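Protein chains: 2
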Amino acid sequence: MIRTVLLAVVAAISLGISVASFGQAYPSNSGLQHVQRTLPERLGYPADTKLLIVHADDLGMAHSINAATIKAFERGLVNSGSIMVPCPWLPEIAGYARSHPDADLGLHLTLTSEWTFYRWGPVSSKDQVSSLLDHNGYLYLTESEAASHANPKEAEAEIRAQIERARAFGIKPTHLDSHMGTLYQNKALFETLLRVARDNRLPVRVSKEWFASTNYLSSIFNPNDIAIDRIVTMGSGVQAGGWSKFYADALKGLQPGVTEMVIHIAYDDDEMRAATIDHPDWGAAWRQRDLEFFTSDSFRRLLQENHIKLVTWRDIGKAQYPER
Amino acid sequence: MIRTVLLAVVAAISLGISVASFGQAYPSNSGLQHVQRTLPERLGYPADTKLLIVHADDLGMAHSINAATIKAFERGLVNSGSIMVPCPWLPEIAGYARSHPDADLGLHLTLTSEWTFYRWGPVSSKDQVSSLLDHNGYLYLTESEAASHANPKEAEAEIRAQIERARAFGIKPTHLDSHMGTLYQNKALFETLLRVARDNRLPVRVSKEWFASTNYLSSIFNPNDIAIDRIVTMGSGVQAGGWSKFYADALKGLQPGVTEMVIHIAYDDDEMRAATIDHPDWGAAWRQRDLEFFTSDSFRRLLQENHIKLVTWRDIGKAQYPER
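Those sequence lines, one after another, are chains A and B.
Just so we're aligned, residue 1 is where the first sequence starts under our numbering, counting upward by one.
Just so we're aligned, residue 1 is where the second sequence starts under our numbering, counting upward by one.
These are computed hints drawn from the structure, not numbers from a lab.
In this text the structure is predicted, and so the values were computed from the model without any measurement.
Each hint should be verified, as a subset may be incorrect.
It does not matter which identical chain is meant; a pair holds if it fits inside one copy or across any two.
What the hints assert, rightly or not - Taking lysine-lysine pairs in the DSSO-like style, the calculated list, with each CA pair at most 27 Å apart, reads:
no.: 1; residue 1: K126; residue 2: K153
no.: 2; residue 1: K153; residue 2: K245
no.: 3; residue 1: K172; residue 2: K126
no.: 4; residue 1: K126; residue 2: K252
no.: 5; residue 1: K309; residue 2: K245
Chain A with its partners taken away, still in its complex shape (with noise of 0.2 Å):
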């Protein structure tokens, strides 16, 4: 889940309000209004084109997400994942990836552990890491609890252990992104994520309309690294008959440019109920939407009409990338 950087943007975007945006170039302070093509162009396409990354996070937490998630897959629409590799059924996803070794999985490097009844802690050892963890030795339940408590030095050291535990399972990683967004909380936590992002060369889910709401993304990016334009993804404001809507109006209102629908795909059956006990917002009934419009013909059908082409975060590192 990203949750609290992106509130504003999800907000504006159920209300129907137009989101600011750079556009496409980055605000003159960044250094990096040499670049002057646009994403759609690295990526080969035309300028004006409407790209989509259909992103499933949250794999490894549950059988319940991986096999939902895979079946999306499957079903060809979500095209595009990311793993938390502290989870127990890790196994479970990366035997999936090692036999699909073209499937765009990343990590959804992890600092949390938000669930009542199901939790779980860090890769590496906790006595070096006890920053990250709360009075019972799990990772922290909500990201501000995470980013307010983390050392940086010990939160750079657990995501490296969670990238060679991925490795050593046989993933080969396509992006970075962070769950809850707890690496996105402040300045410290984001150099972190971005210096293991650069030195594994991989692209790492940042959005250009956060340069909008945050005062050091734009000190900290270099020319080099890439911005998707921008995300949707669902909020906690947006009822069950409203689903559909909330995606279509997204779908029907896209702007040219790179966007990332960040979505969350499990079954609405026991073992996530439990999981998500007291949790309605990202819980089983709440996934269990996203894996039936995700799945949806409708959901194809809104793709043609408007125009939308897929991509991937693999297509997005050949570009970061290219002597890789």
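Since the structure of chain A is already known, use the hints to place chain B on it.
Same frame as chain A, now just chain B:
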């Protein structure tokens, strides 16, 4: 699960062979021959009473196990269970333990992580228990790997950490046992288990029958330690159609003394099928059969017709530590 140590016993039971038993007296070299009263007498029953603990293992491992076992507890005939502290669903079963303080819940001390797609690590900091971990940083897949690699001091640190975490979650364990029997695999590990149990003034799962299958048990046991008379558990040789007959035969032939039926309850659902994939024994359908038998009217009738009374590990703990 308890596996290896019990295989000979299980095989014998499966074949209808009478298992060697020390009856009411310990071997003469144990120094325990002065304990004259039988265990039923120490529990306040006539010496020839048939007493039974119906014990569900593996609580905390999966939601499916927690939910199905709680259902069996509420049915009233499964009257004891033990919890795997390192597993991700610990908080769920801990919530049940806090709201049911009279429940007979012990700790299923865990030094293995045996499934293919679903794994966990230790409670301790990894660099302090490296002898317990496989190359991925999880607990070993099998009890034999775990026992052969384990430094007993690290095993002791880990099981003490598991007890500490359980207490931090408000669990007040009534007994200790060992998942997959890892702590019964060699003398050093069994001494560790007994030392930790004595320090915590808790009874531990030991059967008098096991004295026949090891060359060290009798030299470690002391007069205050309690061994129950025997353990009955489903082995791998029984087909689905023979489930009820296996248990019915065991109940009809039950001898006086304290017997523990070690059972494994879960639903045959998606979570459990995926967790136990490629393990038909101790798998999802296997566990659903235990749920069905031990919540059945026929089990209730077998208890009545064979004059079998239920006792708990709490009762045994009070006999072993009356001053507690």
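Verification of the supplied hints:
| no. | hint | in the structure |
| --- | --- | --- |
| 1 | K126 to K153 | both (14 Å within a copy, 18 Å between copies) |
| 2 | K153 to K245 | neither (43 Å within a copy, 60 Å between copies) |
| 3 | K172 to K126 | both (26 Å within a copy, 25 Å between copies) |
| 4 | K126 to K252 | neither (47 Å within a copy, 51 Å between copies) |
| 5 | K309 to K245 | within (20 Å within a copy, 61 Å between copies) |
In summary, the structure is inconsistent with hints 2 and 4 from the numbered list given earlier, while agreeing with the others.
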